[in-house]
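Residue numbers (the working numbering), protein chains in the order written: chain A, 3 to 419; chain B, 3 to 419.
No wet-lab data here; the hints were simulated from the structure. Where is the CB? At the ideal position from N, CA and C, for every residue including glycine. What you were told as hints is all true, and nothing was included just to trick you.
Partial chain A-side listing against chain B, Cβ under 10 angstroms, derived:
1) 352
2) 356
3) 363
4) 396
Derived DSSO-like pairs: lysine-lysine, alpha-carbon spacing no greater than 27 angstroms straight-line:
5) 221(B) <-> 177(A)
6) 168(A) <-> 398(B)
7) 259(B) <-> 405(A)
8) 188(B) <-> 222(B)
9) 408(B) <-> 259(A)
10) 398(B) <-> 136(A)
11) 115(B) <-> 408(A)
There are 2 protein chains.
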Amino acid sequence: MDSTLTNSREATESRPLPPGWTSYTSPDGLTYYVNGCSKETTWRRPSSPAEAPQRPLARHNSSTYATGCHSGAKTGQRAETTTVALRKLTINKRPPGAVSPAKRQIKEVKETKTTINCVTFPLPGEGPEQQLLKPNEWSYCDYFWTDRKDPQGTTSVAGFEVLLQKQLKGKQMQKEMAEFVHERIKIEEEYAKNLSKLSLSTLAAQEEGTLGEAWTQLKKSLHDEAEVHLKFSNKLHSEVEKPLLTFRGDNFKKDLKKYDHHIADLRKQLASRYASVEKARKALADRQKDLEVKTQQLEIKLSNKTEEDIKKARRKSTQAGDDLMRCVDLYNQTQSKWFEEMVTTSMELEKLEVDRIEWIQQHLRQYTTLRHETDMFNQSTVEPVDQLLQTVDPGKDRELWVKENKTGEVRPVDMDI
Amino acid sequence: MDSTLTNSREATESRPLPPGWTSYTSPDGLTYYVNGCSKETTWRRPSSPAEAPQRPLARHNSSTYATGCHSGAKTGQRAETTTVALRKLTINKRPPGAVSPAKRQIKEVKETKTTINCVTFPLPGEGPEQQLLKPNEWSYCDYFWTDRKDPQGTTSVAGFEVLLQKQLKGKQMQKEMAEFVHERIKIEEEYAKNLSKLSLSTLAAQEEGTLGEAWTQLKKSLHDEAEVHLKFSNKLHSEVEKPLLTFRGDNFKKDLKKYDHHIADLRKQLASRYASVEKARKALADRQKDLEVKTQQLEIKLSNKTEEDIKKARRKSTQAGDDLMRCVDLYNQTQSKWFEEMVTTSMELEKLEVDRIEWIQQHLRQYTTLRHETDMFNQSTVEPVDQLLQTVDPGKDRELWVKENKTGEVRPVDMDI
Chain A
3 MDSTLTNSRE ATESRPLPPG WTSYTSPDGL TYYVNGCSKE TTWRRPSSPA EAPQRPLARH
63 NSSTYATGCH SGAKTGQRAE TTTVALRKLT INKRPPGAVS PAKRQIKEVK ETKTTINCVT
123 FPLPGEGPEQ QLLKPNEWSY CDYFWTDRKD PQGTTSVAGF EVLLQKQLKG KQMQKEMAEF
183 VHERIKIEEE YAKNLSKLSL STLAAQEEGT LGEAWTQLKK SLHDEAEVHL KFSNKLHSEV
243 EKPLLTFRGD NFKKDLKKYD HHIADLRKQL ASRYASVEKA RKALADRQKD LEVKTQQLEI
303 KLSNKTEEDI KKARRKSTQA GDDLMRCVDL YNQTQSKWFE EMVTTSMELE KLEVDRIEWI
363 QQHLRQYTTL RHETDMFNQS TVEPVDQLLQ TVDPGKDREL WVKENKTGEV RPVDMDI
Chain B
3 MDSTLTNSRE ATESRPLPPG WTSYTSPDGL TYYVNGCSKE TTWRRPSSPA EAPQRPLARH
63 NSSTYATGCH SGAKTGQRAE TTTVALRKLT INKRPPGAVS PAKRQIKEVK ETKTTINCVT
123 FPLPGEGPEQ QLLKPNEWSY CDYFWTDRKD PQGTTSVAGF EVLLQKQLKG KQMQKEMAEF
183 VHERIKIEEE YAKNLSKLSL STLAAQEEGT LGEAWTQLKK SLHDEAEVHL KFSNKLHSEV
243 EKPLLTFRGD NFKKDLKKYD HHIADLRKQL ASRYASVEKA RKALADRQKD LEVKTQQLEI
303 KLSNKTEEDI KKARRKSTQA GDDLMRCVDL YNQTQSKWFE EMVTTSMELE KLEVDRIEWI
363 QQHLRQYTTL RHETDMFNQS TVEPVDQLLQ TVDPGKDREL WVKENKTGEV RPVDMDI
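Produce the entire structure from the sequences given, and follow the hints as far as they go.
Okay, structure coming up:
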């Protein structure tokens with residue numbers, strides 16, 4: 003079948019492509035064809051519209067991904083797609099349709115890939131070097147492909163799960179920050195209450211004159227300070243604490259759950275497809291073994307029956323081979339889908355995290371602004387006291403007091419005889 | 003005797019004064035003489051040193067009193083004397099030595115003075131107009147000569163007592179101000195304690211990267227604020243409260259008591275002298291009555307015995323007159339002494355009050371200075387937080403987190419058949 007395909011290729015390469023089809027060249031230099039509508043890809047050059055849909059094989063993820071994902075992506079929306087070609091896959095060097103020949107050859111198939119938790123990766127050193135999707139950006143979409151093993155080694159956490167947990171922790175952090183601010187508010191209110199109470203004290207209320215006025219204002223200034231701190235605590239509440247509490251409400255957790263389930267479902271599908279592949283591989287192996295056995299039997303003893311059996315076995319083997327190809331195709335499609343969703347969703351989580359940090363930064367700066375304001379307003383409560391203290395005048399106070407309290411101005415004189 | 007004295011005057015006016023004597027003119031135009039050493043004053047022009055000491059009569063308080071009393075007068079020290087002549091007394095229009103003649107004249111003696119609580123004052127409108135000792139200064143020494151009557155009218159409070167009470171109240175005021183400051187200190191310590199405790203909170207401690215650093219600094223800044231307020235409260239204690247408590251310690255009350263007793267003693271002496279005057283006046287009246295009776299007896303019936311009796315009665319009358327003069331002199335001396343002490347001491351109290359007001363003013367300004375400082379130091383605790391918030395960098399935080407938490411960079415590839 004190899005030769006058949008190859009001949010077809012040479013024969014059809016010069017014909018124009020049917021509508022909807024585009025040709026691409028893989029890094030290997032091999033040409034493959036993509037149907038823009040159905041998104042199917044194939045090695046085989048389509049000859050007419052009637053040939054579509056081809057067997058979807060070795061699907062390349064040439065669908066594109068967002069470059070700068072910060073362009074208005076919101077929770078739940080997909081990132082916009084632009085034309086950044088991914089160089090994700092190493093190409094299956096076997097053109098589509100190739101089946102292990104039913105020859106009695108020991109195939110020296112080098113292991114170039116490995117499947118872990120139903121996800122298929124190239125082995126180290128095998129295949130073309132992978133470039134980062136977003137170099138120098140430490141983007142989520144580049145670093146969370148593998149599942150993280152438990153120290154015990156029994157269970158594992160998906161990389162995506164790590165990203166999700168990060169977002170949930172972020173929500174916890176903002177809640178704790180709000181709590182901290184709340185505690186500060188309580189402290190301020192207590193301070194204000196104490197100052198206000200003390201300002202009403204009648205201590206030294208009997209001091210009169212300019213000194214008495216200055217003292218009265220000094221006591222009053224404590225009430226002014228209390229007002230300043232109360233204002234601070236009120237603004238802390240409305241401009242820092244409350245926003246921290248309400249930023250990304252309950253819906254946020256729901257949205258995160260949606261992401262979680264969506265990606266988890268795709269992994270489940272992948273696992274199911276992988277199971278099918280394993281099953282089909284085994285079935286093929288069985289059939290090939292059977293064919294081998296029967297071929298050996300023929301070599302021992304020619305017989306029509308055995309020849310019939312061999313034909314049957316060969317047909318079954320071919321079918322099993324086709325089944326395997328289909329299973330592998332389906333697997334690869336599903337993996338590609340998961341891949342796409344991983345990139346899109348992790349970019350959204352990345353954006354959420356940037357937004358979260360910037361939002362918190364902004365509101366903590368509001369906190370420091372309020373602190374500055376408070377200290378400034380507080381300074382001004384002392385000024386009237388300063389002014390009155392400056393104008394304290396012992397002479398004037400004496401005049402006031404003497405006018406009020408004098409007993410008599412007539413001085414004594416000598417007594418007459 | 004009148005004529006004798008008058009002739010003596012005319013005779014001696016031209017002679018030079020003996021050493022130590024100076025002549026002055028009273029507002030009445032009458033000349034009197036003062037011995038600079040013994041401080042005695044007399045109407046009679048001294049003719050020789052041997053004539054000193056004269057009978058101390060109608061003592062003028064020409065001793066001088068401090069003008070500006072703020073020149074370093076301390077508790078217990080006397081005010082410095084400068085040369086300010088007092089125009090205290092109305093002059094006794096009778097030259098010293100004049101006695102009511104033993105004639106049968108109804109003397110038309112106009113009441114020009116009145117004695118209240120043993121202190122002698124001119125009646126309203128009588129005598130030369132009194133000028134204030136310290137005009138335009140509302141000085142204590144001008145306004146507290148009379149005793150203040152109780153509303154009920156039974157007891158009275160000496161003017162000096164009012165001045166003394168003012169000083170004691172001042173001591174009470176400073177104590178109450180110290181108490182107020184103490185309460186403020188407690189409020190500040192509570193506030194500092196609360197801030198410090200909150201700064202140790204582990205809320206949102208899991209926030210990492212540049213945002214985590216900014217948050218950590220924000221929490222720490224509360225401890226810095228606590229330090230500022232603690233420093234404030236410590237300085238309030240050492241620079242305001244403690245001085246207010248210790249300014250004019252227990253010795254002050256003792257000194258005030260000394261003043262109190264000193265002046266009260268002089269009043270007691272004056273009362274005693276006054277009693278003597280009253281007694282002498284009565285004795286003289288009795289003697290004059292007796293002389294009158296005997297003279298009448300002679301007019302009825304001449305007799306040697308009656309003439310003898312009249313001579314005796316006349317002698318006794320003269321003696322009683324002399325006694326009265328001496329008593330009045332002693333009274334006037336004592337009153338003058340009291341007068342002097344009143345002026346001196348009330349000036350000292352005045353100075354104490356000026357010092358008190360200025361001292362308190364100074365320390366309350368220390369309070370406002372500390373408040374200013376505190377607000378400024380407080381402002382600076384926010385600056386490191388501001389700086390770190392400015393440098394919050396979501397990209398850097400992502401890099402840090404991804405490096406720490408990534409699961410795997412190798413991207414999945416298509417499975418081979």
